Amino acid sequence: MKYLDEFQDPELAQRLLDDIRATTTRPWAMMEVCGGQTHSIIRHGLDQLLPDDIELIHGPGCPVCVTPLEVIDKALEIAARPEVIFCSFGDMLRVPGSEKDLFRVKSAGGDVRVVYSPLDALKLARENPDRQVVFFGIGFETTAPPNAMTVYQARKLGLENFSLLVSHVRVPPAIEAIMTSPVCRVQAFLAAGHVCTVMGTGEYPELAERFGVPIVVTGFEPLDILEGIRRTVHQLEEGRHEVENAYARVVSEEGNPVAIRMLEDVFEVVDRSWRGIGMIPQSGWRLSERYREYDAEERFRVGDIHTQESSVCRSGEVLQGLIKPHECSAFGTLCTPRNPLGATMVSSEGACAAYYLYRRMQVPTTGEAREVSSVG
Amino acid sequence: MDFGGVTKEVCLEYVPDLQVGEYTIVHVGFALQRLDEQSALETLEIFRQMGELDAEFGDHWGRAAEQAGMPRPDLDGLREQEGGAR
Amino acid sequence: MAEPLVISQVPGRVEDATAPSFEGWTCPLPLRDSPTIVMGHGGGGAMSGELVEHVFLPSFADPALAQLADSAVLDVAGSRLAFSTDSFVVRPLFFPGGSIGDLAVNGTVNDLAMSGARALFLSAAFILEEGTDVTRVGAVAQRMGEAAARAGVRIVTGDTKVVESGHGDGVYVNTAGIGIVPAGVDVRPDRAEPGDVVIVSGDIGVHGVAVMSVREGLEFGTEVVSDCQPLGDLVAAMLGVEPDVHVLRDPTRGGVATSLNEIAHASGVGISLDERSLPVPEVVANACAFLGLDPLQVANEGKLLAFVPRARAEEVLATMRAHPAGAGATVIGECVGSHPGMVSARTGFGASRVVDLPIGEQLPRIC
Chain A
135 MKYLDEFQDP
145 ELAQRLLDDI
155 RATTTRPWAM
165 MEVCGGQTHS
175 IIRHGLDQLL
185 PDDIELIHGP
195 GCPVCVTPLE
205 VIDKALEIAA
215 RPEVIFCSFG
225 DMLRVPGSEK
235 DLFRVKSAGG
245 DVRVVYSPLD
255 ALKLARENPD
265 RQVVFFGIGF
275 ETTAPPNAMT
285 VYQARKLGLE
295 NFSLLVSHVR
305 VPPAIEAIMT
315 SPVCRVQAFL
325 AAGHVCTVMG
335 TGEYPELAER
345 FGVPIVVTGF
355 EPLDILEGIR
365 RTVHQLEEGR
375 HEVENAYARV
385 VSEEGNPVAI
395 RMLEDVFEVV
405 DRSWRGIGMI
415 PQSGWRLSER
425 YREYDAEERF
435 RVGDIHTQES
445 SVCRSGEVLQ
455 GLIKPHECSA
465 FGTLCTPRNP
475 LGATMVSSEG
485 ACAAYYLYRR
495 MQVPTTGEAR
505 EVSSVG
Chain B
19 MDFGGVTKEV
29 CLEYVPDLQV
39 GEYTIVHVGF
49 ALQRLDEQSA
59 LETLEIFRQM
69 GELDAEFGDH
79 WGRAAEQAGM
89 PRPDLDGLRE
99 QEGGAR
Chain C
46 MAEPLVISQV
56 PGRVEDATAP
66 SFEGWTCPLP
76 LRDSPTIVMG
86 HGGGGAMSGE
96 LVEHVFLPSF
106 ADPALAQLAD
116 SAVLDVAGSR
126 LAFSTDSFVV
136 RPLFFPGGSI
146 GDLAVNGTVN
156 DLAMSGARAL
166 FLSAAFILEE
176 GTDVTRVGAV
186 AQRMGEAAAR
196 AGVRIVTGDT
206 KVVESGHGDG
216 VYVNTAGIGI
226 VPAGVDVRPD
236 RAEPGDVVIV
246 SGDIGVHGVA
256 VMSVREGLEF
266 GTEVVSDCQP
276 LGDLVAAMLG
286 VEPDVHVLRD
296 PTRGGVATSL
306 NEIAHASGVG
316 ISLDERSLPV
326 PEVVANACAF
336 LGLDPLQVAN
346 EGKLLAFVPR
356 ARAEEVLATM
366 RAHPAGAGAT
376 VIGECVGSHP
386 GMVSARTGFG
396 ASRVVDLPIG
406 EQLPRIC
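Chains as they are written, first to last, in my numbering: chain A, 135 to 510; chain B, 19 to 104; chain C, 46 to 412.
Treat the hints as calculated values from the structure; they're not laboratory data. Model, not experiment: these values are computed from the prediction. The beta-carbon is built from N, C-alpha and C at its ideal position, and this holds for glycine as well. Possibly wrong hints are sitting among the right ones.
[As the list claims (entries may be wrong)] Here are the simulated distance ranges between beta carbons: (1) A/S445 to C/P369: 56 to 62 Å; (2) A/S232 to B/R66: 40 to 46 Å; (3) C/E268 to A/P263: 35 to 41 Å; (4) A/G292 to B/Q67: 53 to 59 Å.
Work out the full structure, taking the sequences as your base and the hints as a guide.
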């Protein structure tokens, strides 16, 4: 596809790698925020191609992974109700709740449907006036505008049988939480490219300044990621800590003003708990007062939920970049994509899933590993 | 919208002035932002030139070694010796 | 940065030859947690495999069955007969490039071909839903007749049942078939050896994308049409030039990834692919990216994988390319001694990744 394939060119990748190699003089640890970036890195083996001095710490940018357990359990309760058609992105189906998951609810007869877009859920609501259609609205700032537009349309159409189970999260507070953690090793950030497509780059200079960290807006294709890393390394080596945009073809400083206005109308900022990490102030969105009637939690008045996480699962540490997935003793044994203990092993953007899917083999001998360092 | 041979309807409310022939980022059925083709091409050109500049002005260590008829130095190895293990 | 990744072995499947009591199992598998059948059991991936191994195999206790090949090869009165059966539940009944009728004939013809046999006779059994348009049933039958003629096979016996409305999708078809395996041919899933070359007969991911494009809820525009076709002729040509082909497999549900993993497991070898050599048409790659799928896990029809001794690979490849059903044949990888039972792929950037089975149901009712 145009403007995707060109950014996967191995030859150009080699040039970027050469520059990174030539510039790096000492160890640096940087965090890629977005789970999609983590997957791209692991799938293409980019971390294996970088000089040993560069460490990529995988960030918490996986919305499926950080959706609070309590919200999952509420979703399961709502989805089991006979009058409900529960719509969700495919990823959420296997995320473990305290006792089960949406897939299990579906097998037991719950009307759970995988949709590609929240608009599909809206369509179902219009086609099934006698059922309550609930859409599971999780995601970062990238998914919030689609959900906002959907609720806006629901109101315009006067639909009474549509509601949204909301669990949106924001990136900048997460960066703040990571940097204020006493065990933080992160020296720079590769910011989430598609989030910035919507929100622009305005929220980051203050963070770069406050914590003295370079923040480089980075895309998802191999060349985009390598370029993000390259610019980050240059900043670190030169002692700078600025906001740079390495994904200029779709990111501008102002973002998408139409989308931002819609977000300000439909949502309001709240404190939110991130699964595995804990409460991060002002890090979430919920429906604003004007749209509160479309909030599924309000509509269905789900009772007291007693959550129970697996005692073995170390997702939280993975999400904060404190351990790598394979350092968890359950990795690949008790915990696999088919029997996940935590969300990071299930989600297409989860670090544990990425390592399991792509790195499960024994690493080749040193001889072969050397071969892997050069491209093409 | 055409995803390289796959066509699907997409909501354009967030990029209302999008024209036929233009490229856009699409997420869950919504166009979110126009793709700036000029910027894309410039970025690729910068990547391409990276290698060329290197070839022209060289990698000083390497060229020096070549001229002296010696193998190129293992820079990673040198740095490890100097800086010690991480 | 790339510190060695110590991978714990995923626990293997338990071969339990006694009655299917769940208590005896030692591996933490979903079947134990899933007391009812779920759609994933029909997906052709890991869950389907487990249903067969833990529920059916123990009850039937047959060595031929336990081979888990596409068809069984049996010694009967001095000849070797290949015998296979397949049920077809695809939805919708008619899709770009094919129909349930085409699949029903070619599916079994091809399963027999994967044992090296030329299909001779088929049975056809129908389960029809009350209320189905008779002309639709007629259209399916007509396509079956045409496909049979094209494949050179005779439909000689059959059966018809009707179930109440709401208990089917209009038409379900089962076909069973027999054919004769030529002398000197011994094609089995456990015969792959390190050094064998892995060849695919043409583009992958095509059938799955074609069906998905017309599946309700997904619907997208595309010009991809299913690649459903009979392969008996192609196989005969290949065996004619090299009788000692080790393994043949048609990668239907679960895609190339599933077939390769099954063969790697059965033969106790590792398989190493070169991602850049995979023949994925651009539009299929784009559709997969759009749907979030791996082309290696998408169903194919009318395509085969062949494991050929290295020394003979070039000649077999040339023969395949000279045949219309193998025009796009290409080498995609090789068998290796390392990582037995696992399939790896080298990416365009020189790194390696694992190629896995899909977990359960990528998309239901694909064939």
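Status of each hint after checking the structure:
Taking 56 to 62 Å as the suggested C-beta distance range, the pair A/S445 and C/P369 conforms, at roughly 60 Å. Take A/S232 and B/R66: their Cβ atoms lie about 53 Å apart, and the range 40 to 46 Å is violated. At about 37 Å, the beta-carbon gap between C/E268 and A/P263 stays in the expected band of 35 to 41 Å. At roughly 57 Å, the beta carbons of A/G292 and B/Q67 sit within the given window of 53 to 59 Å.
Figure legend: structure checked against the earlier numbered hints; the only hint not met is number 2.
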